[in-house]
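Undergrad: Chain S is fixed; fit chain X onto it per the hints.
Line order of the protein sequences matches chains S and X. Residue 237 in the numbering used here sits at position 237 of the first sequence, and the numbers go up by one each step. If you want the numbering used here, it's the 1-based position in the second sequence plus 1000.
Treat the hints with caution; some may be incorrect.
[What the hints assert, rightly or not] Stretch-level coverage of chain S by chain X, calculated; a stretch enters the list once three of its residues show a Cβ under 8 angstroms from a Cβ in chain X:
id, segment
1, 197-204
2, 221-232
[Unchecked claim] Simulated crosslink set (SDA-like; lysine to any residue; CA at most 25 angstroms straight-line):
id, chain 1, residue 1, chain 2, residue 2
3, X, K1047, S, P234
4, X, K1047, S, L168
5, X, K1083, X, K1034
6, X, K1047, S, Q201
7, X, K1587, S, E200
8, X, K1538, X, D1565
9, X, K1538, X, V1603
10, X, K1047, S, L202
11, X, K1533, S, Q180
12, X, K1264, X, D1242
13, X, K1538, S, L202
14, X, K1538, S, P198
15, X, K1108, S, S163
16, X, K1034, S, T183
17, X, K1264, S, L202
18, X, K1047, S, R175
19, X, K1034, S, V218
20, X, K1486, X, K1538
21, X, K1533, S, E179
22, X, K1533, S, E200
23, X, K1545, S, L189
24, X, K1580, S, P235
25, X, K1259, S, Q201
26, X, K1076, X, R1506
27, X, K1580, S, T183
28, X, K1580, S, S223
Everything labelled a hint here was simulated from the structure, so no lab data went into it. Here the structure is a predicted model, which is why all the values come from computation and not from measurement. Each residue gets a CB set at the ideal place from its N, CA and C atoms; glycine is no exception.
If you want the building blocks of each chain, they are given just below.
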Amino acid sequence: MVDDDEVDSGWPADGEAADAEKNRPTLAPPQPDPKRAPEPATKPKRPTPAVLRLDSASQFERPDPSAVISRRGRESLLGLADDAPDDLSLDPAAEPSEALDLVAREAERETPIVPLPAPVPPPPAVSSGRIVEPVQEMRERFSLGDYSGALVVAESILEDDPSHVEALQCETSCRQVLEQMYTARIGPLDRVPFVAVPPEQLRWLSLDHRAGFVLSHVDGNCSLDQILDVSGMPPLDALRILYELLQQRVIGFR
Amino acid sequence: MEKVIGIDLGTTNSCVAIVENGQPTVIPNRGGYKTTPSMVAVTEAGKRLVGHIAKRQAITNAENTVYAAKRLIGRKWSSPQVKNAIATSSYRIVEGPHHDCRIALRDKEFSVPEVSAMILQEMRVIAEDYLGHSVQKAVITVPAYFNDNQRQATKDAGEIAGLDVIRIINEPTAAALAYGYGRNVEKTVAVYDLGGGTFDISILEIAQNGVFKVIATAGDTFLGGEDVDARIVDWLVQGFKDEHQIDLRQDRMALQRLKDAAEKAKCELSSVRETEINLPFIISSGRNEALHLQRALARNVLEELSSDLIERTVDICKQTLDDARLEKDEIDEVLLVGGMTRMPKIQDAVAKFFGREASKGVHPDECVALGAAIQGAALVDESQEMILLDVTPHALGIMTFGSYFEELIPQNTTVPTSRTKIFTTSRDNQTAVKILVMQGESEKAEDNEVLGEFILTGLRRAPKGQVEIEVTFEINADGIVSVRAKDLETSLEQSIQVTATSGLTRDEIKNMIDSAKEHMVERRVSEEFEGLKQEAQKLAAEIEKLFPQVEQIVAASDFGREAIDKARGIVTRARAAIDKKDTAALKEHIEGLSRTQRMFKGVVAKGQ
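Next up, chain X with everything else stripped away, as it sits in the complex:
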């Protein structure tokens, strides 16, 4: 059965998981970490860096390092979120050809799905290295509030990365799925998700028939662990300034080290009460004397530094429960998701607010990817019952007189579905109506996302309210929305098919797929060569080490001298193949090197 990977494509970190022998498992990356920073960078030499290595140079190469691309995915250039990102990001965001946004890295502009594809490709490589074979199918998670365009853009990113995205699921749903896996639960669950850069709170209803319904979701896309790190950095910078009258913020290298150290200290303080931050040679003073930073940070100081941030998450929880018209005691379980929830103070705050201890049944960093993997396995295994039903993430409707939003298909409706409503004209002698198809939950049309529009003409001239128009919304199994407006008197009809768009054309996506494939091939070839090179160098070094002993043993015979000359030739040719980067030749020479090494070892063993 084909393996399906589950990918938690996070704002700050991403994670990949699979189901192996019925057991969902997170796959560690090459460094042994189970999460990989969602960061992409291009170095001065034009080299592409993804993950931890990109993070380690994020401040010193800030203009060319993309982080939190998820905040931009599927968004229009004119959206307030993009404007906000332009104001706060160190990398350059420019307008794309289809009112989308693009990211400028060195001398090239990348679409946001392309950047996300680089992260997804990295996750795919992690899975392929682990499994030992190629992987195509994937389930990717997105925040519950993502609209169709954002979901489509995420799907496009998967396609660019060479993945067949068989399903996009909501992050809180995935977390709840991981929690409910193997148990028969029917509960109302709150998912408190505090990651590196975003905070989300979602209330879900888990029903026994496999429906995970998101009742309410809210959050803050600019609140997360990075804000806590920033507080620690501020504290360190101020302390250093007080002592040496030097502002470490003025030096990017110092700032990069401070940020790395702050994150490390924050993580350590989840398990110990005090930690030491030690950064030797952090900066040189005016007298060219290198200065060191050494400070102890106690857990209670960190809690004080971040107390308002924690309070903000609690306020959002309060608001979300009010919106869902739920009381705290109606929540059966609280799930903690995201690395920040390891902080004891956060666990206390959540427990205090909900009046119950959070469940220890899910792993904060891994549960979203695990849930995606569980869903992926269920989708390809016909013997398993369908775990999740596809639901509309947002309500769909049209704009009515007074700029109000009239909902036709409510949020969380299981698809396929179809709904009809009858409307009337709003002005006397109105001969045409404009149908503005929208998605969202706000009563005010302007707060919702416009998906498309069309005009129905040829209406009979009549006083307002007399001409009736029937509007039908239909969503098929593939999630494609069709909207039809029909003049009930004349049976004149107009319709539109709304397909979500990521801001990229098919041709653009195709080109990006080709480019990503090319990059992948280059990467694999380079990795293969590096592996062979290391093996050859190791064997050559061993052979060279044995030369004196072998020479001593066999030098007396002509045969022995000939064998030694041959061995020298093999080592020389292997080194030449390394210099020429000739993978094929190197493969051949490795066989020769291996034989020689075995033979030399045998000679030495016999000679002793």
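Isolated chain S, as found in the complex:
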């Protein structure tokens, strides 16, 4: 019989997440809650990216990671299906490849701006193509540093069970890490962005309505911080959109 207090879910508690991220190498893989009934063998509601296993060869063949947030990263993060082709992006180098967090990890090797994801532990025995349990998949993705994917899985678990402790902790941790990553790429949040595209050309860009909403707050007076406040979106979503607008050179800084 295991005492409740002794159970370590493996996810940092609220407020401890940032510290926990610094100590990522010692972060134990999440343990299943012994009291919890076995997870139903259902797939997450939203499509999630495949678990990526990094090998050294594929890492070094990727394009400049700082210039890219992939389509898959975007979709996995927000579940927004966007059929528009990526090549509408103004940055010709912006070829989709990986989720931001996975790509970002490479960038951190030279300039560590955000906490490094944990070293990849030996992956659990999951044969390719087999449907994995959502909780297990969430843990795997997190331990592999695929925070976007882990977040999507955590959110899908929470849709079914909003009080799922492990999923809640994972969601918080993923959001914190991803927010740090995007903030590091965008730069100081007290900077005031401006719209770099003439108004008559705006409508020809490939943006969704959420990006349109964030863009409507870019008026040359509001700082990034203020835009995050007024967007009414979770900070991670707003940061992601601002980063993409910056990458596509729709907004800029003077």
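TA: For chain X alone, kept in the frame of chain S given last:
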């Protein structure tokens, strides 16, 4: 002489003014706007937003954004106005511990004066930033119909915001004061005030001795510019639905943008005949294709959309004149107050009704705050004659048999004052009477506000009408009302002192003052740090830009290399202080950065 700020604490917008060198002036906020939305919000991260920034997220964070708190201030939980607000507000209104109402924002409950205090604090900061020193004293305006509790609650809000509220004055009176400033006027004036959320019409008599008497006042607390914005939003939503079969109301982000655009278009149409509303990427269709909204709105369409609203204001004007038993031609001047009165159609409607063009002598957005500032300056400057006399905003009296209201002190009586009336018992063998002290103008007691009650016992048993009781109302210079009832036969006496209450205890107010002070200190510290950070970052960037040139010039000498190393050290330490948010250290490093930057500039200039 101490500066006194005048604050127009409006339902939708607030404004602050001072008198500088004898000239009343409105102080713009940091964004350069002369009015600040009376909105307060708490973000998901627990950050407090006040003013424009709160307004910009009012729809996407509707549950945690308070607007029109003025409709609730000083009201009891059971009042119909509170019930109405509960039904129409997007934020949560809950019952407070003293039958007052509280507003729930995220995980905390705020009293209404506390929310108003946040707005007042913002106005105070605007004034302090402008003046460069702290401000304590203030005159705040309230609608003429506000009762004592509402006035006291507004005063409490000022106190929580760290202000010494030296006077509360009526909004139409303030507007008339701004109009009459520097002129010797003796007129009957109509003040037509159509703001963002409320409409008020007041008839005032301006006498030469400095008495501004409100003869009649009426209005609609749910009628204003926001209703016009809502009509434009409806028009845009319907047009979009017709074209794309998509209801934009279902998306909060789209709705927020529509509302912002509608207000902007409405303002533009006061000066141009047509304006274009352009909202790219307003919503994504089912096929994940972003759709754009682009529509031209003509002034005549707007006038058509809002014609019934304008008509409603005219009807209220008509009713108010009837109540005041005045004819239109007895009005010497019409003053337009509130941003909505810039709309040409409204100006036409007012001119048509009163049979005269409205005065252009007052600024619609600013005159109330200006009037408050004028009054404030007069109150602290002994050389100036007193401009306004304090008057009772509402009649005071008691409830009599049959639930009627018997007035003892009429509305607009100059204080201090005292009035006495004799009453008799209403039943045979009545040994006690209940004195119910009330405030209001209605003949029916139930329509007026109860201020307090007490019982006079020990009356002689006698047929009704034989025992005489003398009731005396007294208001002292501080506005405190005392009511005394005396059995004229036995000289037995009972009395009560009525003090207006905002629904908060002294302890609660004290705690709120401490909390507001704490918030203010945090805010100032954070602002100071941000300012220093920006300065340091700018200097560091300039120094780093000059490094290659300086290195090239001085690298040959050991002294030069040492100086460059030192400079690098200063930049590194300044950045470390920024990371640690160490304000004191950053201040020191800025001096070092400044010296380095000057030195580098000098080296580069000499080297060229």
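Undergrad: Does each hint fit the structure? Answer for all of them.
TA: Against the structure, the hints come out as follows:
Note: the segment 197-204 of chain S has 3 residues with beta-carbon separation from chain X under 8 angstroms; the three-residue rule is met and the coverage holds. With 7 residues bearing a CB less than 8 angstroms from a CB of chain X, the segment 221-232 of chain S meets the requirement of three and the coverage assertion stands. Of the supplied pair hints, the one linking X:K1047 and S:P234 holds, its CA atoms being roughly 14 angstroms apart against a limit of 25 angstroms. For the given pair, X:K1047 sits about 23 angstroms from S:L168 by alpha-carbon distance, which is consistent with the 25 angstroms threshold.
Of the supplied pair hints, the one linking X:K1083 and X:K1034 is violated, its CA atoms being roughly 33 angstroms apart against a limit of 25 angstroms. Among the hinted pairs, X:K1047 with S:Q201 is inconsistent with the structure: their alpha-carbon atoms are about 35 angstroms apart, more than 25 angstroms. With a CA separation close to 45 angstroms, the supplied pair X:K1587 and S:E200 exceeds the 25 angstroms bound. For the hint pairing X:K1538 with X:D1565, the CA-to-CA distance comes to about 19 angstroms; that is within 25 angstroms, so the pair holds.
A C-alpha spacing of about 19 angstroms is found between X:K1538 and X:V1603, which places the hinted pair at or below 25 angstroms, so the restraint holds. A threshold of 25 angstroms between alpha carbons decides the hint, and for X:K1047 with S:L202 the separation of about 32 angstroms lies outside it, so the pair is violated. Of the pairs offered as hints, the one joining X:K1533 and S:Q180 holds, with about 20 angstroms between alpha carbons and a cut-off of 25 angstroms not exceeded. Among the hinted pairs, X:K1264 with X:D1242 is consistent with the structure: their alpha-carbon atoms are about 23 angstroms apart, no more than 25 angstroms.
Proposed proximity of X:K1538 and S:L202 is contradicted: the alpha carbons are some 32 angstroms apart, above 25 angstroms. With a C-alpha separation of about 29 angstroms, the suggested pairing of X:K1538 with S:P198 is violated against the 25 angstroms cut-off. In summary, the hint linking X:K1108 to S:S163 is supported, as the alpha carbons are separated by about 23 angstroms, within the 25 angstroms threshold. Pair hint X:K1034 plus S:T183 does not hold up; C-alpha atoms about 34 angstroms apart against a cutoff of 25 angstroms.
Between X:K1264 and S:L202 the alpha-carbon distance is near 20 angstroms, which keeps this suggested pair within the 25 angstroms criterion. This hinted pair checks out: X:K1047 and S:R175 have alpha carbons roughly 19 angstroms apart, not beyond 25 angstroms. Proximity of X:K1034 to S:V218 is assessed by CA-CA distance (about 22 angstroms); at most 25 angstroms being required, the pair is judged to hold. The suggested pairing of X:K1486 with X:K1538 is violated, with an alpha-carbon distance near 76 angstroms, which exceeds 25 angstroms.
Under the criterion of a C-alpha separation no larger than 25 angstroms, the hint pairing X:K1533 with S:E179 is consistent with the structure, at around 22 angstroms. As the CA atoms of X:K1533 and S:E200 are separated by approximately 37 angstroms, the hinted pair breaks the 25 angstroms bound. Between the alpha carbons of X:K1545 and S:L189 the distance comes to roughly 22 angstroms, so the proposed pair stays at or under 25 angstroms and holds. Proposed proximity of X:K1580 and S:P235 is supported: the alpha carbons are some 23 angstroms apart, at most 25 angstroms.
Taken as a hint, the X:K1259 and S:Q201 pair is honoured in the structure, with Cα atoms around 24 angstroms apart against an allowance of 25 angstroms. As the CA atoms of X:K1076 and X:R1506 are separated by approximately 18 angstroms, the hinted pair is consistent with the 25 angstroms bound. In summary, the hint linking X:K1580 to S:T183 is supported, as the alpha carbons are separated by about 17 angstroms, within the 25 angstroms threshold. For a cut-off of 25 angstroms, the pair hint linking X:K1580 to S:S223 stands: about 21 angstroms separates their Cα positions.
When held up to the earlier numbered hints, the structure conflicts with 5, 6, 7, 10, 13, 14, 16, 20, 22 and fits the remainder.
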